[in-house]
Each structure stands twice: as structure tokens, then as C-alpha cells.
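There are 2 protein chains.
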Amino acid sequence: MHSQTSPTKVKWCFVMENTIKVICYGVGVIGGKIAKAILKKKGITIVGAVDVAKEKVGKDLGEVLGLDKKLGVTVTDDPEELFSNIEADIVVHCTSSYLHQVYPQIIQCVKAGLNVVSTCEELSFPFDKYPELASRIDKLALDYGVTVLGTGINPGYLMDTLSIVLTAPCLRVDHIEVTRMMNSAKRRIPFQKKIGTGLTKEEFIEKMKNKIITGHVGLYESISMIAAALGWKLDRIEEFDPEPVIADRDLETPYTKVPKGHVAGLKSIAKGYMNEKEVIVLNFVAYAHVPEEYDEIIIKGEPNIHEKIIGGVHGDIGTVAMVVNAIPKVLNAEPGLLTMKDIALPSAAVEDMRIYVA
Amino acid sequence: MHSQTSPTKVKWCFVMENTIKVICYGVGVIGGKIAKAILKKKGITIVGAVDVAKEKVGKDLGEVLGLDKKLGVTVTDDPEELFSNIEADIVVHCTSSYLHQVYPQIIQCVKAGLNVVSTCEELSFPFDKYPELASRIDKLALDYGVTVLGTGINPGYLMDTLSIVLTAPCLRVDHIEVTRMMNSAKRRIPFQKKIGTGLTKEEFIEKMKNKIITGHVGLYESISMIAAALGWKLDRIEEFDPEPVIADRDLETPYTKVPKGHVAGLKSIAKGYMNEKEVIVLNFVAYAHVPEEYDEIIIKGEPNIHEKIIGGVHGDIGTVAMVVNAIPKVLNAEPGLLTMKDIALPSAAVEDMRIYVA
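Residue numbers (the numbering used here), protein chains in the order written: chain A, 48 to 405; chain B, 48 to 405.
None of these hints come from the bench; they were simulated from the model. Please read these numbers as outputs of a predicted model, since none were measured by experiment.
Distance ranges between label pairs, derived from CB positions: (1) A:Glu134 x B:Glu285: 39 to 49 Å; (2) B:Phe174 x A:Leu86: 25 to 35 Å; (3) B:Met321 x A:Glu134: 29 to 39 Å; (4) A:His147 x B:Lys116: 55 to 65 Å; (5) A:Lys307 x B:Met321: 50 to 60 Å; (6) A:Arg183 x B:Phe174: 38 to 48 Å; (7) B:Asp221 x A:Val104: 33 to 43 Å; (8) A:Lys324 x B:Ile357: 21 to 31 Å; (9) A:Ile236 x B:Lys347: 20 to 30 Å.
In this text, a Cβ means the ideal position worked out from N, Cα and C, and glycines have one as well.
Kindly generate the complete structure, drawing on both the sequences and the hints.
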């Protein structure tokens, strides 16, 4: 484990026979997929696993992941104890979308001298919405010489990092609009449920009012990150209530049937304004059997840039890859609470993971 | 001017009243456009200009740039003398595509304690083709505490940096193919001439054999950079002779008429191989009245990524923007010979340039 008092980044000092040691904090759907992806990589090992789910605690991680072998790692619900017994380089953290929920967990990791890469959406750029929590995490990370990063496919990449990178050939940027158009029928059933698939419009609105349907978490953070990269001081960021997308014909997905007139999914929109003008628009659209899947970035400026990922990027695979690929970059980074705009150029870590660590 | 002996990066220590001070080394077509773009930015000033062209030396830069005002900067052909008389933070260097030609110029800047951002294509990733020159520049830059970067739209962005960034959501990368499809009729006349527009096929082949037509410079460097980012050890990189694209009808451009059967432009292809398999293919295609302009990146892996910039990015504007936007990133970077994969996430510097300097 890293020294808990060093004021500068504790250099990850592996010997080539050794591997990067990871603790998986949260082995739910995404955390589990990340764990499986790590197991397929060379030069990296899972040395601990944390989860609060009763059916997982005390079991071998291999069993929890549905593998037909034991990994010799027992899932625990006591991270404190785990951290004091196990040496690790980094925590892969996947428990919640909301910063106030993950804050004590992140702090716990940092105080144990562990670097953190987290899928927490609100951690991807927390400085505007949660300046105080962000500042506390940053200060503590600096004190303990570790790096904390929130990432994922979105927020973390498609709407923010990639938009930022696409401004690089621009002399002027007037307006950025990003649209993620997803076929939810191809996604996990909990995701389909979360976006209200199959509900009546009235049920959707009811659930939205009760915050059961929240829309996409992270649009605010993506807008903040783009603005920060461009040096834009925004007047405000507006997050609109998610709108239901109504099926124009009878639909069927692996989750449910959607009669014509019922909800096929939703649209989440957020906008950033500067000098009273709309300058950033993010559209997150996910519904069953969308005619075309894509991720599109349109920059108006000099020159205009019209970029599109045809077919889009699958959310779960993308998030798993973003997190795994961020591991060496986090290990190399300066200490502190960083964001995707601060760490090294994103790229895939496809070979032995140790070669990417400086 | 920076100290000439500091072994670590000399921090750019502006006071907010001051501005970033630039010397323009080479004020030809691209260098001139960059100078004009810098003049439009806040927080940055041109304090010196170098060119060897007799018709420019001794004239005011404003006149050379075709502006209707004087800038109080006289173009000189003696950089040595300029560097010893003028304080500056960075040299914007635009003289040649070839490293052996620019090497003494870069060395001169470094020895004057000046950071460098250059459009020299072969400087964008020189470690494979010119390991010795690269190592010497790197060592000297470290000795003098300055940063040297080669960038531009291509190499520097469209085929390499953007490809690298697009691998970030991938767990596996098997193959990368990039195609830049340009309508040369919309480009500068020297560019149209350089790619053989209007020649007969025989004339094209003759000029190609005599190295008058060289095809696109930088494919080798882009392949090297992608491979380095992914940690791929390539067996070899093949650069193929440029192939003429034959007009299938009579064409006309601002440069010339192209009768059917004559050369409308060219196609430059390069390939990178690993373990005897083709893993990177770059296609640079530029001819008059190409049916569709675009920049496309296709990654085969997990997941597949199919990305396209519809309409493409204009080469000259893009290169100008890449260089201008790189200035604060170079000032912030660690010393040494760096590449686009090493410096901070690329982005547009659209506000007062000083706010981007840490």
C-alpha cells in the first residue's frame, strides 16, 4: 500500500514480475463486467473485492462473476479491513451515480493511499455542482499522493472528452451540440426499465415527478467539463426533465412489449449558456428500436466540424473499456482529483498493462 | 528569454498585463496564416519573425502578411541575432516538411531557450524514422528546459491523435483504417500542383520517380504514433508510391483544367504490420471534385468504432488551429521532444490565451 503521508504522488513502483494490483469496489453489473475485463488483461490482477449485497459477501469473486473457477478473492463488505490487509495500487470503484453517496467511499480509498478510478457520473466533473466535496477530495488526494478520476463512456468520453478533442482543429468555437442516439432494446433490462420502457405517458410523468425516472446522469458534468476545457465561463447550465419518447407502432424488446402510444424510452437534454446565449447542447436519446444509432458532435465555429460515430458506442462495453484503459493513466497522473481533460490522451491499453505505466 | 542552462522546464512566468510572446519562424503560406491567426487572439503577441525569402527580409511583418498596418516586427533572415535580442516564450516554426532540413533550425531555437511548436511533418513523431536526430533534440530540449512539438492537422491530428483517442472505449483493437478524402479543387494552388493535378499519367509517374511528386508526408509518422500509443511493436511500416487518380470526366479547378483521362490528384497509402499482419492502414486521397469529402476512422476490435467527420476538416485552417491551440499546451508541458500523444488533451484555445497557461 502507498504511504499515507507523502505530499507528492507515490510512484507506482512495480517490478516487472509483479502486476498492477486492483481492488474492485462494487461488483454489480458494470463493476462485474470491469472485473471480468481486467481478468482477461495481462500484467494486472484483482487482489480484493468489495460489495454490500448480502448474496455476494463472503463468496469467491469468481463465483460472484459467474465464472467456473475460484479467484481466491473473497468479496467483503468491510473495505476498511480489506484496505488494511491487502496491498493494492488502485481501486476500481462502481457503486453509485451520485457524489454524495460515493463521497465517503472515495475518501476511504484515498485515506488508504489508493488511487481511484470510478464510474460515478457526478465524480466525472464535480467542481461546479459540488465545489466543496470536490475540493475536499482533491485536497485529500494531494495529501495522500494519490489520483482520483471519474470516467465512463458518458460522462467521461462521448459527450465531453471527444467534444473537447474535436475542437482542437478550430480557431473559433461558437456552439457545440452533441447527440447520443441509442437503441435501448439492445441494452440491459435494468436500463430499459430505468428509462420507462413500456409505461404509459402518465405513468412515466408520475415516475419522473417521483424521481424514479431521472433521465441521464452526467449531462451537467459533461457541459461543465467542455466549458472548463475551452475556458468558457458559463452563466448557467439547464438540465431539463426527461421527455418520454412515444412508440409510433407496437414494439417488443427483450424486457417488455411496448404498445403503440406507450413509452419507448426517453430524451434527456441539457444546455449551457454563456453571455445569455446557448453555447452547448447535449441530447441523450434512448428508446427501443430507434431508427439509427449514433453519437454525433456538431461544432459551429471556424471551421465547422460535423462528426459522427456511426452505430454509436455500446454504453456498457464503452464504460468498461474507459475504466480499464484509464488505470495506467491514473497510475501515471499527478495526484489530486483529476478529470478526463486533465489526464493523458485517452487510448486503449491492449497489451500487457504494465507497459503503459511510466 | 529562458535560462539556457536549467535542466528542468523553465516555467513561463508571465504577469497578466504581459502577453505570450511568439517568434514566427517561417512566414510562408502556412506560417503567414498562423501569424494572422495569432494576431486575432488575445493575450499573445508576435515579437519576431524569421524568413529566408529575399522579398520578405527587412520588411515589416504586417506588409509581408498583406495587412494594411505595420506591426513593428521586421522580418529577419538571422534568427541567431533575433534570439539574442528579443525575449520570447515560444517559436512557431513553419519552414519544411523534412526533419533533416529543419533540424539545425530547431536546435537553434532550443539553444536559445525557446519552446517550439512546428508544422514539420517529420517532427510529429520522429523517433522511428530518425532515432538519432530525435534523441539529440530531446536531450537538448531537456538540457535547456524547453518543449519541442511537431503538430498540424495531418500528421498531428486527423490520422493519429484522433485515431488514438477513438481507441479509448475499446477493450481490444485488431485493426485501424483511416481515410482522408479531400477535394483538392478547394485547396491552395501550390497544393493542387504538388499532387499532380492536370498532368498526364505518364508525366505523373515521371515526376513521382524524380521525387517532384512525393505524396503526403506524415503517414509514416502517424502510424508510428498510433503504434506507440497502443504499445504495439510493429514489424515494419510500408509507404507506397502515390498513385494517380484519373479524371473520369473533364474537370476544372481554380488551378487548371483536367481533361478526362488526366490526373485529378493522388492517393497515398501506408500500412503498419505487426506479427506479419496488417494492423494500421492510412489512406490519404486528394483529387479535384472528389464526390464526398470526409475523414474516416474505422477501428475493428471490441467494440468496432466507425467514426466520420462529414465534410472533412480543411487542411490549412486545421493546421493553423492545431498550431495556435498547441501553444499554451507546449508552454505547460514537461521539457523534451514531445508528440501529440504526450501533451495535454487537445482543445481549442478560444479565449485570452493566457488563461490556458498553468
